[in-house]
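There are 2 protein chains.
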Amino acid sequence: MKSICGVEGVAAWGVKEGKFGLALIRAEGEAAGVFTSNLMKAPVIRLMEERIRRGRLAAVMANSGCANAYTGERGYRDAGEMAAIGAECLGVSPEEVGVASTGIIGRYLDLPLIRDQSRRIAPLLARNEEAETRAARAIMTTDLSEKHALVKRETFSVGGITKGSGMIAPNMGTMLAFIYTDAEVPAPQLRDALRSAARRTFNRVVVDGDMSTNDIALCTATGMAGKVPLPEFSRALEECCRHLAVQIAMDGEGATKLLEVTVRGATSEEAAATVARTIVSSPLVKTAVYGADPNWGRVIAAAGRAGVEFDPENVDLWMGDGKESVPLVKGGEIVVDLARAKSLMQGKKVVFVLDLGSGKDEATAWGCDLTEKYVEINGRYTT
Amino acid sequence: MKSICGVEGVAAWGVKEGKFGLALIRAEGEAAGVFTSNLMKAPVIRLMEERIRRGRLAAVMANSGCANAYTGERGYRDAGEMAAIGAECLGVSPEEVGVASTGIIGRYLDLPLIRDQSRRIAPLLARNEEAETRAARAIMTTDLSEKHALVKRETFSVGGITKGSGMIAPNMGTMLAFIYTDAEVPAPQLRDALRSAARRTFNRVVVDGDMSTNDIALCTATGMAGKVPLPEFSRALEECCRHLAVQIAMDGEGATKLLEVTVRGATSEEAAATVARTIVSSPLVKTAVYGADPNWGRVIAAAGRAGVEFDPENVDLWMGDGKESVPLVKGGEIVVDLARAKSLMQGKKVVFVLDLGSGKDEATAWGCDLTEKYVEINGRYTT
Numbered sequence: 107m108k109s110i111c112g113v114e115g116v117a118a119w120g121v122k123e124g125k126f127g128l129a130l131i132r133a134e135g136e137a138a139g140v141f142t143s144n145l146m147k148a149p150v151i152r153l154m155e156e157r158i159r160r161g162r163l164a165a166v167m168a169n170s171g172c173a174n175a176y177t178g179e180r181g182y183r184d185a186g187e188m189a190a191i192g193a194e195c196l197g198v199s200p201e202e203v204g205v206a207s208t209g210i211i212g213r214y215l216d217l218p219l220i221r222d223q224s225r226r227i228a229p230l231l232a233r234n235e236e237a238e239t240r241a242a243r244a245i246m247t248t249d250l251s252e253k254h255a256l257v258k259r260e261t262f263s264v265g266g267i268t269k270g271s272g273m274i275a276p277n278m279g280t281m282l283a284f285i286y287t288d289a290e291v292p293a294p295q296l297r298d299a300l301r302s303a304a305r306r307t308f309n310r311v312v313v314d315g316d317m318s319t320n321d322i323a324l325c326t327a328t329g330m331a332g333k334v335p336l337p338e339f340s341r342a343l344e345e346c347c348r349h350l351a352v353q354i355a356m357d358g359e360g361a362t363k364l365l366e367v368t369v370r371g372a373t374s375e376e377a378a379a380t381v382a383r384t385i386v387s388s389p390l391v392k393t394a395v396y397g398a399d400p401n402w403g404r405v406i407a408a409a410g411r412a413g414v415e416f417d418p419e420n421v422d423l424w425m426g427d428g429k430e431s432v433p434l435v436k437g438g439e440i441v442v443d444l445a446r447a448k449s450l451m452q453g454k455k456v457v458f459v460l461d462l463g464s465g466k467d468e469a470t471a472w473g474c475d476l477t478e479k480y481v482e483i484n485g486r487y488t489t
Numbered sequence: 107m108k109s110i111c112g113v114e115g116v117a118a119w120g121v122k123e124g125k126f127g128l129a130l131i132r133a134e135g136e137a138a139g140v141f142t143s144n145l146m147k148a149p150v151i152r153l154m155e156e157r158i159r160r161g162r163l164a165a166v167m168a169n170s171g172c173a174n175a176y177t178g179e180r181g182y183r184d185a186g187e188m189a190a191i192g193a194e195c196l197g198v199s200p201e202e203v204g205v206a207s208t209g210i211i212g213r214y215l216d217l218p219l220i221r222d223q224s225r226r227i228a229p230l231l232a233r234n235e236e237a238e239t240r241a242a243r244a245i246m247t248t249d250l251s252e253k254h255a256l257v258k259r260e261t262f263s264v265g266g267i268t269k270g271s272g273m274i275a276p277n278m279g280t281m282l283a284f285i286y287t288d289a290e291v292p293a294p295q296l297r298d299a300l301r302s303a304a305r306r307t308f309n310r311v312v313v314d315g316d317m318s319t320n321d322i323a324l325c326t327a328t329g330m331a332g333k334v335p336l337p338e339f340s341r342a343l344e345e346c347c348r349h350l351a352v353q354i355a356m357d358g359e360g361a362t363k364l365l366e367v368t369v370r371g372a373t374s375e376e377a378a379a380t381v382a383r384t385i386v387s388s389p390l391v392k393t394a395v396y397g398a399d400p401n402w403g404r405v406i407a408a409a410g411r412a413g414v415e416f417d418p419e420n421v422d423l424w425m426g427d428g429k430e431s432v433p434l435v436k437g438g439e440i441v442v443d444l445a446r447a448k449s450l451m452q453g454k455k456v457v458f459v460l461d462l463g464s465g466k467d468e469a470t471a472w473g474c475d476l477t478e479k480y481v482e483i484n485g486r487y488t489t
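Protein sequences, first through last, are from chains A and B.
Residue 107 is where the first sequence starts when you use our numbering, and the numbers rise one by one after that.
Residue 107 is where the second sequence starts when you use our numbering, and the numbers rise one by one after that.
Every clue listed holds true.
A short, non-exhaustive set of chain B residues, derived as facing chain A with CB atoms under 7 Å:
1) Leu145
2) Ile406
3) Gly485
Derived coverage of chain A by chain B (criterion: at least 3 residues anywhere in the stretch with Cβ under 8 Å from a Cβ of chain B; other residues may be distant):
4) 397–410
5) 472–480
Below, computed lysine-lysine pairings styled on DSS-like, alpha-carbon distance capped at 27 Å:
6) Lys455/A with Lys479/B
7) Lys436/B with Lys466/B
8) Lys479/A with Lys479/B
9) Lys125/B with Lys448/A
10) Lys466/B with Lys455/B
11) Lys479/A with Lys448/B
12) Lys258/B with Lys455/B
13) Lys479/B with Lys122/B
14) Lys108/B with Lys429/B
15) Lys454/A with Lys479/B
16) Lys455/B with Lys479/A
17) Lys333/A with Lys108/A
18) Lys125/A with Lys448/B
19) Lys454/B with Lys479/A
By construction, these hints were calculated from the structure, which means they are not laboratory data.
Just so it is clear, CB atoms sit at the ideal spot from N, CA and C, and this is done for glycine as well.
All chains should be built: construct the whole structure from the sequences, respecting the hints.
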């Protein structure tokens, strides 16, 4: 098992028919969620914000192909109806079905299709590798590969599936993440741990800086492995979310390289995160990474416009491929060996480490390169 | 005359040799400047911030091909030396020479080349159409066409040249603007008028959201046309800057279409500008414009993440080509005619008007589409 089915008490299945997919995941327990902060949130997000307050889920149901966003009151009713369909098929209470949608916005859900798919897959729910892979595939849109993570500890596990391409795109780029643990964690603690983990992982993935109307991450704790120390659980949850987040970045629309930026020496973690996110969002940095062009000045210039105070004359900058690294700037002085730097940019991963020299905090953000393919994918989407 | 030479008291010339250009503009008078707010500002910006406090310029000298940025104390001395070279060639005080640089960062100025170019063109300074065009061409980098504006009023004129591609790129994308008027305007009023105009024009152009280390706009008032009412001058200056700003957006790297977004019904002009800038910056909106894809949901979703409060259920959205327009959303209801919308996106200009329905203020921002060509231009720059 490589993700959710590695967790005690989880069964899943999924179906994908053309653009339209449906995943069903059955797992009872305490639950928490984090949601998009886009003002234009989809009705399904409103519904889930209300329902997750109960702190309990019995199942999760997610469709791809239609985001049911910008669909007003009808969209809200449709999301409730979708939950009712899942509840009926699985024999649970509709209030305990988490629903999520991803796909094109401004269109209504095809409820007859969802009912049909749900009825067909509900009897197939299982706990094996095929099951978790089918569920992960069912929620994919422009994703090229399914995304799995499983973090095993001695006494418990945390597993998740996700689809990208990353807290970002109002269309097929919505991020959905469904995470499970067999640790016994009460809903309030689960919520705090999930928020903290999401802040450090999903919220630090930038594919293009856009933010979806439908982003959602849900975590259910089946409790079957019993109580565990909360800090240990939180670390495992964050590790699981980080694995998922990196996969989202790597599979960014049109991406050929993963971009990882760590900012150190900041006066706060949030300041470090702001600078790191600004760098991974910069189209100029992203295109330089694509072209394996060691144009480090773009990294420095992006940091300079992040809105965080630091002394530009006192920064250090390194670049690497995740294994080796070379210094580019030391104490504000250029020390770059361009040929060496370029050779380190040929692989699948490009890492920048920037030390602002003004404090002790750090943060990492992930992104990807910007390619002609991104333009091609997004230039002709509706039609 | 179509730009700076339409203003009494201005003479200019320029030379462009490969990537390396130099423009000289002679015009004495009260002067003001606005500068990049990037922390990583080039040494030449520091020098000019100091010198412009005198409120007077006798000439402007700008080179392209090397930004003299991230070059520390040597860069600062080199910028001063560049001003001294211009001063010597033109017979004015070095403190009254405005200098500006654009090009690759992390490299030192080629002062012998600048001296040579300066000596050759100083004797050629003239006040005619060829002169202003040569000056505009000399400062171009990745720009495909020179950018001119001349606003004529009954008693005075305001003219300017600029290069893009727009408050944005730390390399060849630096924005330089040199604006002249023959109105008599004292330096403090000139500064206020220039700041206000830049805020509403240059600061609302987004090509890729990056911000240069070298952006600078200078305005000199020769006073030869005598006193004019300040509000009238301010309007003319803003109009001139707007013409220049739109040209920068149209000539954005790889651009095929101008994108204009007006946000109305906001609680403040700044809120409207924030939403408008977020929309023109959105890679998803930009790629949709490129593909003539009427994917209006991306406009709404970008507005929703701009950080400005409004009621998503109460917005109106129109789209047009600058001549005709069609409603897409009215009072939160989708009213789009997709075929008609698509046909309006075929031209060189795409306009969105979004009414937030929450106030009386408005603002316009300009950008361009995102194309494969942008990626190609920026993916292989240094090498």
